[in-house]
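All chains should be built: construct the whole structure from the sequences, respecting the hints.
Sequence order for the protein chains is W and Z.
Under this note's numbering, think of the first position of the first sequence as 597, with each following residue one higher.
Under this note's numbering, think of the first position of the second sequence as 674, with each following residue one higher.
Worth flagging that the hints you see were computed from the coordinates, not collected in a lab.
It should be emphasised that the depicted structure is a prediction, and the values quoted were computed from it without experimental measurement.
The beta carbon of each residue, even a glycine, is placed where N, CA and C say it ideally should be.
Any given hint could turn out to be false.
Computed spacing ranges between beta-carbons, pair by pair [what the hints assert, rightly or not]:
| # | chain 1 | residue 1 | chain 2 | residue 2 | range |
| --- | --- | --- | --- | --- | --- |
| 1 | W | P753 | Z | M740 | 32 to 42 angstroms |
| 2 | Z | M885 | W | A673 | 46 to 56 angstroms |
| 3 | Z | K803 | W | I640 | 53 to 63 angstroms |
| 4 | Z | P678 | W | G701 | 22 to 32 angstroms |
| 5 | Z | W684 | W | G701 | 45 to 55 angstroms |
| 6 | Z | G785 | W | R824 | 19 to 29 angstroms |
| 7 | W | T742 | Z | P811 | 22 to 32 angstroms |
| 8 | Z | G785 | W | S671 | 15 to 25 angstroms |
| 9 | W | R824 | Z | P727 | 22 to 32 angstroms |
| 10 | W | T742 | Z | P732 | 43 to 53 angstroms |
| 11 | Z | P788 | W | S671 | 53 to 63 angstroms |
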Amino acid sequence: MSTVADAWEYLTTSSNWVGANGLTTPTFDGGWSWANDSIIALGIEHMLMTFTAVLIATVIALPVGIYLGHVRKGSGATVVVANTSRAMPTLALLTLFAASAIGFGNKAVIIAAAIFAFPPILTNAFTGMSGVNPDVRDAARGLGMTRFQIATRVELPLAVPLIAAGLRISTVQTVATVPLAALVAGGGLGVIINTGIATQRYGQVLAGGIIVALVALLTDAVLGYVQRRVTPAQLRAATGAKASV
Amino acid sequence: MDAPPNPWFSWNYLEKNGADVVDALSIHVQLTLIAIVIATAIAFPLAILARRIPRLSGPIMGITGVMYTIPSFALFALIAPFTGIGRTTVLIGLVMYALLILVRNMVVGLEGVDPDVVDAAKGLGYTKTKLLFSVELPNALPSIIAGLRLATVSTVALVTVGVVVGYGGLGQLMFRGLQRDYRAEIATSAVLCLALALVLDLLLMLAGRWVMPWKRTRVS
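Right, dumping it as structure tokens:
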């Protein structure tokens with residue numbers, strides 16, 4: 597049980613949270629980076645990386661998914677995108693990027709994570725928009741709405757629950773992907789685990805595992821709450837959290 | 674001074690490291706297959722339990738959902754301190770994730786069986802066991818096969834994360850290639866990983882067709 601005791605000690609030592617020398621470390625070129633010995637700093641870095649990756653994925657995937665869903669074309673393509681991303685190991689993409697011109701570090705991780713964050717947003721936006729009841733669309737057209745008005749005022753509000761679910765799945769998945777950054781000299785909470793294994797401090801490994809797991813579960817819970825809040829009461833029963841295609 | 678060439682693909686790499694690549698690939702295949710077999714063996718009774726005792730269905734689905742949210746990297750970190758570095762740890766992680774996918778699909782498949790069909794079989798005097806094996810399971814097969822395919826493809830990708838505990842099949846080559854800045858090694862193992870997922874998926878699809886002859890003629 598000494599591992600558990602070590603993990604407890606790691607988690608209850610305040611210098612492990614705030615770092616021995618503060619949250620940031622100066623770099624050689626006069627800038628700064630997040631301190632590698634601080635859970636809080638690594639956590640902030642983790643969330644910033646996650647946010648950036650999901651933001652990039654959303655900016656690209658959401659408009660495409662909404663448009664394709666509106667015109668009801670490209671369902672085959674979205675399925676192919678989803679399936680390929682499932683078969684592609686994250687580590688493969690990470691190492692490929694790190695060895696390419698992109699280089700080691702957080703940039704490669706963010707790009708790889710953004711690529712994996714892409715499919716859930718795309719497929720859910722597509723399914724949400726294209727799944728709107730044809731009668732509802734017909735009624736809107738009968739009222740004299742233009743295509744644009746139908747898309748933004750009828751289909752989009754009805755698709756919001758599924759779009760929110762897609763964003764939630766993709767964010768939680770990104771929180772789970774970012775720890776792999778530690779393997780390619782990036783930052784984030786995975787560093788705790790990776791350093792622990794490299795130095796054979798298994799208490800720290802266990803503590804890191806607990807922290808990463810809790811962060812993922814917490815993110816899921818918070819976004820699940822948000823998802824329920826943005827879902828109109830009438831739609832709640834109809835669309836559960838549809839995860840995959 | 675020019676940097677030495679570092680191509681993404683080279684025959685030279687394959688010729689000189691062929692044995693290494695085959696080793697990594699065979700470890701990868703073994704881990705995947707063993708994990709899927711063990712996961713299926715555990716998932717099957719669990720799913721039937723969830724079906725027989727509806728009160729257990731909620732908790733089983735809920736717990737599997739929560740466990741699925743735990744990142745694989747964290748899971749390996751959680752069990753490695755107790756099971757050590759290496760094969761056992763990776764296998765436990767792989768079995769867990771595959772198990773979750775399989776149980777969910779089996780339960781969904783069993784719950785989706787048309788109640789009228791079940792009623793008809795009961796009316797014909799089928800026992801519970803016969804009902805399960807000759808009515809419910811065949812009807813749930815499409816969902817079960819879909820779960821098997823999804824679990825297999827995910828497992829092939831997940832094996833690479835085993836690098837964290839030093840036993841990642843082809844992931845080991847990716848990682849080594851990265852450390853040596855050897856692009857051909859990374860690209861070769863990445864392509865093999867994708868190909869393996871594709872081949873296993875295809876095999877399972879064909880197996881699905883073979884065990885569900887009634888699906889062949891229907892245009893869905």
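Distance restraint hint 53 to 63 angstroms, applied to the beta-carbon atoms of K803(Z) and I640(W)
Given range 53 to 63 angstroms: holds, Cβ gap about 59 angstroms.
G701(W) and P678(Z) - C-beta distance against the hinted 22 to 32 angstroms:
holds, 24 angstroms
May I ask you to test the hint 45 to 55 angstroms on the CB atoms belonging to W684(Z) and G701(W)?
Distance hint for W684(Z), G701(W) is violated at roughly 31 angstroms.
Indicate whether the distance between the beta carbons of P753(W) and M740(Z) respects the range 32 to 42 angstroms.
At roughly 34 angstroms between Cβ atoms, M740(Z) and P753(W) fall inside 32 to 42 angstroms, so the hint holds.
Is the distance from the Cβ of M885(Z) to the Cβ of A673(W) consistent with 46 to 56 angstroms?
violated, 27 angstroms
Take a look at whether the Cβ-Cβ distance between R824(W) and P727(Z) falls inside 22 to 32 angstroms.
Since R824(W) and P727(Z) have Cβ atoms about 25 angstroms apart, the given range 22 to 32 angstroms holds.
Given the hint of 53 to 63 angstroms, is the C-beta distance from P788(Z) to S671(W) inside that range or not?
31 angstroms Cβ-Cβ, so the 53 to 63 angstroms window is violated.
Given the hint of 22 to 32 angstroms, check if T742(W) and P811(Z) actually sit that far apart at their C-beta atoms.
Since the Cβ atoms of T742(W) and P811(Z) sit about 50 angstroms apart, the hinted range of 22 to 32 angstroms is violated.
CB of G785(Z) to CB of S671(W), is that within 15 to 25 angstroms?
holds, 22 angstroms
P732(Z) and T742(W) - C-beta distance against the hinted 43 to 53 angstroms:
holds, 50 angstroms
Hint says 19 to 29 angstroms; check whether the CB-CB distance for G785(Z) and R824(W) agrees.
At 26 angstroms between Cβs, range holds.
Checked against the numbered hints above, the structure breaks hints 2, 5, 7, 11 and satisfies the rest.
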